[in-house]
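Visitor: Sequence:
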Amino acid sequence: MNPNLKWKALFILLVVLACIYTLVGLPTFPTSLEQLKDNFRHQIKLGLDLQGGTHLILQVQVQEAIAQETDQTVERLTTQMRAKNIHYDEVRRVDDTHILVRNVAPDQLSDFRDLVDSQLKNVWDMSPAPGDPSGYLLTLRPSARAAIQEQTMQQSIETIERRINALGLTEPTIQPRGRNENEILVQLPGEGDPSRAKAVIQAGGQLELKLVEDPTTYPSQVAALAAHGGVLPPGTELVPGRNESRTPGADTGEVWYVLSRAPVVTGRDLRNATENRSTQNPGQWQINFALSAEAARRFGPFTEQNINRQMAIVLQHRVYSAPVIHGRIDDSGVIEGNFSQDSAHDLALVLRAGALPASIKYLEERTVGPSLGADSIRHGVQASIFSLLVVMIFMLWYYRLSGVNAVLALILNLLILLAVLAAFGAVLTLPGIAGVILTIGMGVDSNVLVFERIREELRNGKSAAAAVQAGFDKAFLTIIDTHVTTVVSAFFLFLFGTGPIRGFAITLTIGLIANVFTAIYVSKTIFQYHLSKMDRQAELSI
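Per our numbering, the sequence shown starts with residue 24, numbered consecutively.
No lab work stands behind these hints: they were computed from the structure.
Every residue, glycine too, gets a C-beta built ideally from N, C-alpha and C.
Mixed in with the good hints, there may be bad ones.
In silico DSS-like links for lysine-lysine, alpha-carbon gap of 30 Å or less [said to hold, decoys possible]:
hint: 1; residue 1: K547; residue 2: K29
hint: 2; residue 1: K29; residue 2: K107
hint: 3; residue 1: K497; residue 2: K556
hint: 4; residue 1: K384; residue 2: K221
hint: 5; residue 1: K556; residue 2: K29
hint: 6; residue 1: K497; residue 2: K31
hint: 7; residue 1: K31; residue 2: K485
hint: 8; residue 1: K384; residue 2: K485
hint: 9; residue 1: K60; residue 2: K107
hint: 10; residue 1: K485; residue 2: K497
hint: 11; residue 1: K384; residue 2: K29
hint: 12; residue 1: K31; residue 2: K384
hint: 13; residue 1: K485; residue 2: K556
Computed spacing ranges between beta-carbons, pair by pair [to be verified]:
hint: 14; residue 1: Q103; residue 2: F519; range: 28 to 38 Å
hint: 15; residue 1: R332; residue 2: S166; range: 33 to 43 Å
hint: 16; residue 1: R389; residue 2: A250; range: 46 to 56 Å
hint: 17; residue 1: D496; residue 2: A170; range: 47 to 57 Å
hint: 18; residue 1: T302; residue 2: T239; range: 26 to 36 Å
hint: 19; residue 1: V357; residue 2: I536; range: 24 to 34 Å
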């Protein structure tokens with residue numbers, strides 16, 4: 024045998040062994056048939072449509088993030104104007120994208136303009152306020168709004184992904200939905216009861232530490248407004264929460280707090296959060312959190328300046344507790360509440376994963392039962408096997424012994440396809456099975472091109488060896504051309520598609536690349552081996 028042929032055969036054998044090991048030899052080497060089956064099930068990950076699970080479409084309320092940016096700008100602008108001793112009557116948010124600054128001292132107008140230009144340049148535009156000669160209106164630029172929306176969506180996807188992964192769910196899909204600017208697709212394969220996952224996803228995680236501006240709590244919003252003459256003090260808001268009264272017989276229901284609108288610390292400032300048993304109530308749990316160095320630099324002076332005042336711990340727009348500040352606190356704190364171990368664990372998980380920049384609304388929820396997934400697998404496998412058998416029978420009937428060559432190439436193609444899916448942790452979906460079937464068709468097409476070229480060369484009087492060489496050489500460019508065209512189409516499907524469509528594109532691409540190897544390299548090697556065993560005068564069976 025030709026030495027080069029031996030090396031080719033050895034290389035193909037190594038590829039086959041590597042594929043088999045990837046499919047059934049991991050994660051632990053099998054010592055029984057049952058373990059071998061378990062390894063195969065572990066390596067081939069099934070998508071939602073095959074395994075069953077939960078399909079969710081979420082809508083991110085991006086307008087909340089824009090409003091929060093406006094509130095923080097009001098607080099920052101107010102602080103800086105006071106620091107520069109610029110006199111004014113009021114700085115307030117008109118709506119989510121507008122800030123009104125009233126009655127700026129005329130002799131300090133240039134200082135005010137310089138402050139806006141230096142601190143808010145490229146984000147806010149300043150113009151005279153309508154109907155107010157000494158007032159100015161700051162408008163958030165459309166480009167800044169678009170940047171906040173994009174950042175909010177990206178942070179929401181990353182945060183939800185961290186939360187879901189921390190729950191240990193298998194191969195979840197979290198990605199933007201189509202071309203919608205504020206919708207996220209979440210698929211949880213194998214998760215038949217998504218209630219805990221939904222709770223963790225929707226948990227705002229929006230930890231905010233705010234100063235309590237009025238030490239009195241009110242039983243309703245109406246009572247709070249009435250106590251302040253119908254209008255809340257500037258820069259404050261009403262937030263519901265639990266009544267923390269220790270007085271016997273006191274109502275422990277919902278009460279309303281008057282808080283500073285701008286938080287001193289938010290969830291984005293967290294460095295860590297862990298659940299621990301409560302030191303005050305041994306039967307309950309609490310969440311201890313640590314702040315970043317930058318947040319600690321703000322939090323220390325804030326607590327020092329507000330000793331003996333209350334600070335509200337706000338989570339998901341509710342006051343969990345409002346402890347009194349007894350001294351300077353730099354980089355740590357505690358969230359106390361009626362937490363069980365599981366609820367404390369989930370809340371700490373949410374805080375560690377990161378705060379959602381805006382709240383989440385569910386637009387669609389659909390559950391795919393495991394029986395429907397099993398039906399999809401059965402029908403998909405049946406279709407794949409039937410198509411493979413029909414192709415094999417045709418190739419063996421039409422091309423005789425050369426058809427065996429094509430059949431071996433097809434089987435190796437499928438083996439490589441499954442091994443690559445397993446190696447990269449790709450998820451097999453129902454459209455992915457369609458991609459497998461299409462790969463079988465493309466593999467047959469490649470073999471037919473080569474075999475017909477060889478037949479043509481034999482009719483022209485060439486020897487068997489020369490005909491095989493010429494057949495593969497002349498069919499090579501045609502095969503590459505068709506495969507590259509299809510791979511480019513699959514690339515765009517992956518780029519612009521979602522979920523199962525991407526599964527189809529991935530499976531098809533892997534199958535086509537494997538097909539180039541099997542239809543050209545492997546098939547040609549088998550022909551060369553067959554020719555090396557043939558008598559020179561023997562006729563090639565094709």
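Visitor: All hints are to be evaluated individually against the structure, with a verdict given for each.
Guide: Results of checking the hints against the structure:
no. : hint                     : result
1   : K547 to K29              : holds (13 Å)
2   : K29 to K107              : violated (84 Å)
3   : K497 to K556             : holds (24 Å)
4   : K384 to K221             : holds (11 Å)
5   : K556 to K29              : holds (13 Å)
6   : K497 to K31              : holds (21 Å)
7   : K31 to K485              : holds (25 Å)
8   : K384 to K485             : violated (71 Å)
9   : K60 to K107              : violated (73 Å)
10  : K485 to K497             : holds (14 Å)
11  : K384 to K29              : violated (63 Å)
12  : K31 to K384              : violated (58 Å)
13  : K485 to K556             : holds (18 Å)
14  : Q103 to F519: 28 to 38 Å : violated (45 Å)
15  : R332 to S166: 33 to 43 Å : holds (40 Å)
16  : R389 to A250: 46 to 56 Å : holds (48 Å)
17  : D496 to A170: 47 to 57 Å : holds (55 Å)
18  : T302 to T239: 26 to 36 Å : holds (28 Å)
19  : V357 to I536: 24 to 34 Å : violated (56 Å)
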